[in-house]
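**Student:** Sequence:
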Amino acid sequence: GSIIVIRDITEKVHLRKEMETNQKLESIGLLAGGIAHDFNNLLTAIYGNISLAKMFPDNQEKVSHYLEKTEQSLSQAQGLTQQLLTFARGGSPVKQLVAIGPLLHEVAKFSLRGSNTDVEINIATDLWSASVDTGQFSQIINNLAMNASQAMPNGGRLTIKAENVILSPAELPVESNNDRFIKITMSDQGVGISPEHLNKIFDPYFTTKRTGSGLGLATVFSIIKNHNGLINVESKSDAGTTFTIHLPASGTTPAAATEHTTETNQMVTGKILVMDDEEVVRETCGEMLIVMGHTVDYAANGQEALDKYQQALKVQQPFDLVIMDLTIPGGIGGKEAIQLLLEIDPKAKAIVSSGYSHDDVMANFRDYGFLGVVAKPYIMDSFSRVIQEILARPAD
588 GSIIVIRDIT EKVHLRKEME TNQKLESIGL LAGGIAHDFN NLLTAIYGNI
638 SLAKMFPDNQ EKVSHYLEKT EQSLSQAQGL TQQLLTFARG GSPVKQLVAI
688 GPLLHEVAKF SLRGSNTDVE INIATDLWSA SVDTGQFSQI INNLAMNASQ
738 AMPNGGRLTI KAENVILSPA ELPVESNNDR FIKITMSDQG VGISPEHLNK
788 IFDPYFTTKR TGSGLGLATV FSIIKNHNGL INVESKSDAG TTFTIHLPAS
838 GTTPAAATEH TTETNQMVTG KILVMDDEEV VRETCGEMLI VMGHTVDYAA
888 NGQEALDKYQ QALKVQQPFD LVIMDLTIPG GIGGKEAIQL LLEIDPKAKA
938 IVSSGYSHDD VMANFRDYGF LGVVAKPYIM DSFSRVIQEI LARPAD
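In my numbering, the protein residues as written are 588 to 983.
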């Protein structure tokens, strides 16, 4: 006869779920601790340099020096924030067709400048182009190059290769029907990664060191996933590490770069409406615009912006441009407001602004009715260029 065995696995299922929860909490703890560590270091530099600048009010050279140092730290903080957003939110890359070879060469050389790491770059002469977010692609190469350099504290060689490959159906990423890929390998001569750590290296802030090491590999993984690509790693302790990336290729030659900026002999000024729910952002943005020579008014949400725009039209003193914050908690944000604005005035000019630079609206702003995009925090030069280009553009 047969023997029927019944086992109650409720306790095993409960224990497995508990282990998974503990692992997630451990990852969140590493993430929070790493971010706090990195931001605290940057805040130390920012506060320190501002304090030093205030000590020498009559020495313009020293004040400029300390403010430049402050800007450098703020730029690093901005980069860390963007990495965190890329990792946490996924987001839509702002893609353009580019020649991968020259970009790869430029970023790798720039990332390792001043280090004791030699870099050997071999790029196939017939390498296909690809549609990538150039900023995010640069982030991938920079993070992996820096990772390799840190693995070789006494110096060594990083070998980078790029070639065209055709993947079999079994090798393709999910939902991919393009079998043409660019294969990029980055091999170092470093200390390697132990087997027990290999499957954790793409976790946020996972490190064998005690100090925070950023979101480098977690960000790399997220960016490649968002480009529908693949990444894998091979490593042995004391025998080096190789990262292999596969990016979907277009197989076409990128078009020559063209200049879209409008040539003007003088600054174009106008009447600008700034919509943002944060008062400190409205004021800072307004001060920057006033310094540029513009007239500024403010709105805390989409409805207030629409009311002010409509009122200005009635008295025949229209706004030349509206800067809209993408997200307004509890109110009408830029995504909704732009549609209503264009119903009021089909010729209205508007720019979308957000700290979430990888949001779909930011990536495809024209599809939503915006003429331009500015990411927070605002940088004077790039902010001014966008404003000038749109103000100088003739109304449709």
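Some hints could be false.
To be verified - For lysine-lysine, the following DSSO-like pairs were computed, each having C-alpha atoms within a straight-line distance of at most 27 Å:
no.	residue 1	residue 2
1	K823	K696
2	K934	K963
3	K858	K812
4	K770	K787
5	K787	K748
6	K770	K823
7	K895	K858
8	K823	K858
9	K682	K641
10	K682	K963
11	K812	K682
12	K682	K936
13	K936	K895
14	K656	K682
15	K682	K823
16	K895	K922
17	K812	K823
18	K934	K922
19	K682	K748
20	K656	K641
21	K696	K649
22	K963	K858
23	K858	K787
Simulated from the structure, these hints should not be mistaken for laboratory data.
**Student:** The structure should be examined with respect to each hint, and the outcome stated for every one.
**Tutor:** A quick look at each hint next to the structure:
Distance check on the hinted pair: K823 and K696 sit about 26 Å apart at the alpha-carbon level, within 27 Å; holds. For the proposed pair K934 and K963, the alpha carbon gap of about 26 Å is at most 27 Å, so the pair holds. Under the criterion of a C-alpha separation no larger than 27 Å, the hint pairing K858 with K812 is inconsistent with the structure, at around 42 Å. About 23 Å separates the Cα atoms of K770 and K787, which keeps this hinted pair within 27 Å; it holds.
A distance of roughly 25 Å separates the Cα atoms of K787 and K748; the hinted pair therefore holds under the 27 Å criterion. Restraint check: the Cα-Cα separation between K770 and K823 comes to about 21 Å, which is no more than 27 Å; the hinted pair holds. Using a Cα cut-off of 27 Å, the hinted pair K895 and K858 holds, with the two alpha carbons roughly 12 Å apart. Note on K823 and K858: the hinted pairing is violated, with a Cα-Cα distance of about 62 Å set against a maximum of 27 Å.
Annotation: proposed proximity of K682 to K641 is violated, straight-line Cα distance about 43 Å (limit 27 Å). At roughly 19 Å between alpha-carbon atoms, K682 and K963 fall within 27 Å of each other, so this suggested pair holds. At most 27 Å may separate the alpha-carbon atoms for a hinted pair to count; K812 and K682 meet this at roughly 14 Å. Distance check on the hinted pair: K682 and K936 sit about 24 Å apart at the alpha-carbon level, within 27 Å; holds.
Among the hinted pairs, K936 with K895 is consistent with the structure: their alpha-carbon atoms are about 15 Å apart, no more than 27 Å. Taking the CA atoms of K656 and K682, the gap is about 32 Å. The hint is violated against a cut of 27 Å. Distance restraint check for K682 and K823: the Cα-Cα separation of roughly 35 Å exceeds the 27 Å cut-off, and the hinted pair is therefore not satisfied. Taking the CA atoms of K895 and K922, the gap is near 18 Å; set against the 27 Å cutoff, the hint holds.
Restraint check for K812 and K823: satisfied, since their Cα atoms lie roughly 25 Å apart, inside the 27 Å limit. Restraint check for K934 and K922: satisfied, since their Cα atoms lie roughly 17 Å apart, inside the 27 Å limit. A hinted pair counts as satisfied when its Cα atoms are at most 27 Å apart, and K682 with K748 qualifies at roughly 23 Å. This hinted pair checks out: K656 and K641 have alpha carbons roughly 14 Å apart, not beyond 27 Å.
The suggested pairing of K696 with K649 is violated, with an alpha-carbon distance near 32 Å, which exceeds 27 Å. Distance hint between K963 and K858 is fulfilled; the C-alpha atoms sit about 21 Å from each other, no more than 27 Å. Pair hint K858 plus K787 does not hold up; C-alpha atoms about 53 Å apart against a cutoff of 27 Å.
Hint compliance for this structure: hints 3, 8, 9, 14, 15, 21 and 23 are broken, all remaining hints hold.
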